[in-house]
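We have chain A already, so just place chains B, C and D on it with the hints.
There are 4 protein chains.
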Amino acid sequence: MTASSYILTFSCPNRPGIVAAVARTLFDVGGNIQEAHQYDDVETNLFFARIRFNFVANDNLTACRVALSELAEGLTMQWKLRATSDKARVLILVSRFDHCLADLLYRWRIGELAIDISGIVSNHPGETYVHHDLSGIAFDHLPVTPQTKEQQEARIWQIVEDRQIDLVVLARYMQILSDDLSTRLAGRCINIHHSFLPGFKGAKPYHQAHGRGVKLIGATAHYVTADLDEGPIIEQDVERISHQDRPDDLVRKGRDIERRVLSRAVFWHIDGRVLLNGRKTVVFRD
Amino acid sequence: MTASSYILTFSCPNRPGIVAAVARTLFDVGGNIQEAHQYDDVETNLFFARIRFNFVANDNLTACRVALSELAEGLTMQWKLRATSDKARVLILVSRFDHCLADLLYRWRIGELAIDISGIVSNHPGETYVHHDLSGIAFDHLPVTPQTKEQQEARIWQIVEDRQIDLVVLARYMQILSDDLSTRLAGRCINIHHSFLPGFKGAKPYHQAHGRGVKLIGATAHYVTADLDEGPIIEQDVERISHQDRPDDLVRKGRDIERRVLSRAVFWHIDGRVLLNGRKTVVFRD
Amino acid sequence: MTASSYILTFSCPNRPGIVAAVARTLFDVGGNIQEAHQYDDVETNLFFARIRFNFVANDNLTACRVALSELAEGLTMQWKLRATSDKARVLILVSRFDHCLADLLYRWRIGELAIDISGIVSNHPGETYVHHDLSGIAFDHLPVTPQTKEQQEARIWQIVEDRQIDLVVLARYMQILSDDLSTRLAGRCINIHHSFLPGFKGAKPYHQAHGRGVKLIGATAHYVTADLDEGPIIEQDVERISHQDRPDDLVRKGRDIERRVLSRAVFWHIDGRVLLNGRKTVVFRD
Amino acid sequence: MTASSYILTFSCPNRPGIVAAVARTLFDVGGNIQEAHQYDDVETNLFFARIRFNFVANDNLTACRVALSELAEGLTMQWKLRATSDKARVLILVSRFDHCLADLLYRWRIGELAIDISGIVSNHPGETYVHHDLSGIAFDHLPVTPQTKEQQEARIWQIVEDRQIDLVVLARYMQILSDDLSTRLAGRCINIHHSFLPGFKGAKPYHQAHGRGVKLIGATAHYVTADLDEGPIIEQDVERISHQDRPDDLVRKGRDIERRVLSRAVFWHIDGRVLLNGRKTVVFRD
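Residue numbers (UniProt numbering), protein chains in the order written: chain A, 1 to 286; chain B, 1 to 286; chain C, 1 to 286; chain D, 1 to 286.
Quick caveat, the hints were computed from the structure, so don't treat them as lab data. Note that this is a predicted model, so its numbers are computed, not measured. This list has only true hints and no planted wrong ones.
Within a straight-line C-alpha distance of at most 27 Å, the following computed DSSO-like cross-link-like pairs (lysine-lysine) qualify: (1) B:K253 - D:K253; (2) C:K201 - D:K253; (3) B:K253 - B:K204.
Have a look at the derived ranges for each label pair, beta carbon to beta carbon: (4) D:H124 - A:H131: 17 to 27 Å; (5) C:E239 - D:A203: 25 to 35 Å; (6) A:E73 - C:N60: 21 to 31 Å; (7) D:R246 - B:S4: 49 to 59 Å.
The beta carbon of each residue, even a glycine, is placed where N, CA and C say it ideally should be.
The shape of chain A in the complex, shown without the other chains (with noise of 0.2 Å):
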């Protein structure tokens, strides 16, 4: 068998034979299917699927594609395919709260996040991440007014075309997309946001909860949509905190959350273990 690997994510209406349909295709062009996951969701009546598989002999991906295009067309599936050598070019966005940069360079440098990082975009400037090796990283400072938010954004938009990114990566980026990048983005975006929602929404989370005195804090991740705070959750985690836990105890605990939360998300996106059903998310955790 050769090394390479492939993830087919899929969705279509669920009807009998999908999984015989799709094992069948893939074991005529010599796949050999590896790991796979399906969920059928019977409220919306979409089945999901995400198959990990090789070829048993020559990598025969051009065949694959086009009987996977002839299924795909029978039964209006939306398919995804790419080899798991491919790696994701993700865009970082961020503002001064460095914690989830720091962890997902980390992450990306020992190899752990099989991702391109294609550049970050901060509304501070460079001097703001100076303990951070950013070597061989684009790096755009795009302060954002009010009256400079439209350009700045099509700004964005101009390196996510440009670069062909494929992922843009919220990390505690504190300026609100506007609905029309958010719905370019749509599917591609990923947001943490700093609080287990929907608890508490919009500002200051943390310092919300401190108030209403509660228990347990979170962290969510989700993708962006123009509904704010409302997009798909992809991961959640929570907390314990005290009465002892004064606002800036709960924002470092939350930094723990945020940076684990956010990682998980970016993880299991570029693995193809996120799908999309409606404003909810299917998770094939790994």
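Relative to the frame of chain A, chains B, C and D by itself:
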């Protein structure tokens, strides 16, 4: 030393010397501090403490109460003193779903919850609970309709008074207490809210959570106040769910969270570990 | 479509085309795959799967079994097929501590565990369980001494055979099964070990944990094998403890972990989610 | 009141009146208790406390130390007093895996860990850490062979003495300290053990865990003692794994557990929250 232990809980405006004064007072009447927790809320400038102590020689309770009274007056202190051997009298209110009731009964039977169950009130008939051993426990069937609600609440209050109830537990009691009764039971009525507040308030929170596609569900135990779902939170916990979980699965998984959150809240309350701090709580966890 | 669902579980040496072949086989007899999990163990080169399906039109079970038999022969496949409406017959063995028993009984009563409780065997007399409603459940008091152990195990085995028991649950049964009985019950006898294995094997693990000063305690559900405390692990969970916890507190907190770990293991086992893989398990969690 | 806070930690044989005496002593020198934790170990009959206080008017530290000295003598008390503004001097020992180092450096840079990093010692050359910003931090490359071990440990000890190191952190330092050095660093050297002790001691614990098929993996931060892997445990945590995880996945998931467990242990140690109690610890968690 004698076998009995006493729990002193108090709160007062913070000022230097409180601990020294209380410790000295207890020492002077022959008390030996076995365990102490304290918390100084810098926002409200209130001081909270829980002290477990026994007497080195003979129990000197009368002198102890007199001394504490004097001290309390000087410090504008609210305080409670009880022997750990005095079991709290608990009234459980329940509706059709009996998982929290079953859990409390079991913990009580094996001596884990050192309480007296002074009665069970349900808006469902006794047959609902035929699989539980309620022998020796007063059971009142008080069905509630809009017309009878006031009258039935009067009977509940009568029970609370007649039996000198220390704590009312709403163990998935699906009736909303009136503002009046909530107010009378302030600080001694614990509800289990089948949601991670303030995520999904109101009815059918697991269905709401399912609709929103969250990745964690939770439950919240809180003191009942007139402001529904807004009472001081005592304890919360969560469990991970996935896209595979249907509303019924959430309800099933929720039962486990609800019963452990409620039993912890009750356990801590009767052990003097929960102190009210405005609309929040101070919880000295075990 | 018909209402009944079927669970097919199987394992076999891995080779290309297994999924395609099984999916095709089911499709050909009118089956519709509703849910599928699979796992390819690259170390042992074994393939594991669980497939839930129903029939599009009429239930075609006989043809389905015939087709699967043929396929299984070709693939050297071990397989099981059962209707979700067929309840597993479960025998519970218990000793003095009844918290796991109480938990299983409750989940069974409310329909959460879709099993038939075909009997309870205890080395303690029936009076021990007077607070439980055991009406309609066969109860056998089989006290064990070194002298009677062989004979009592023979009676247990007789019960297993006579009542066609599918699963034996050791719900804190404080007798060690003989190698012989363990072997006969291989893969259908689940034990709850009151420790996070392999941390503290053997007797009084909570006391061992206390002595060592660990900060988390746990419990382990595993299949029983002749090699005590070494059987394939199905599920584990932990809870945080502190220096304040005495051995009794660990035992108390341990009860909660034990019952939830055991009930999950039983739930997953009867739902066909646990497959044996040598001395390990494959668990397709719900 | 003045801005500075002080942390007093002490332990002594338990007897009535300790809290009263200490509280009185602090009060008499103008101290105001802001936070207090205490623990009475009934097994060893030792009493442990941590008290944070400030001075109502002027800092009266000399008088305070004199008064505490006298008291300590009478109570056979071991005690430490330090200003929260005095930063602990920390030496980090590291080998090739730098995830714990990266984490500690980040927390230090943003002020979360209020320490001075007084040096980094590695048995690997400085180039290993080229992506970290080590500017301003002394770095010593001390490669260890069986022949040079004694000599290199002497140099480490020299560094500890010269720089008045308060705490040595073994941040995945893959060399076993000699009994002699372990003993000299007793109570001020924290190791992260990449396993949930006492589950899998020794080398390659994640591979051991994989082989055993456990469902949770963990990490343990403990004080270093001559008895390898047996030092007093400060903190532990776990993460859920599944049959899908290969040893490499366990190593990856383990990194996250290790860094958060180690950073918590260091945070609590420097904040005076960890007290030694024989081969166990008392941890007043934040």
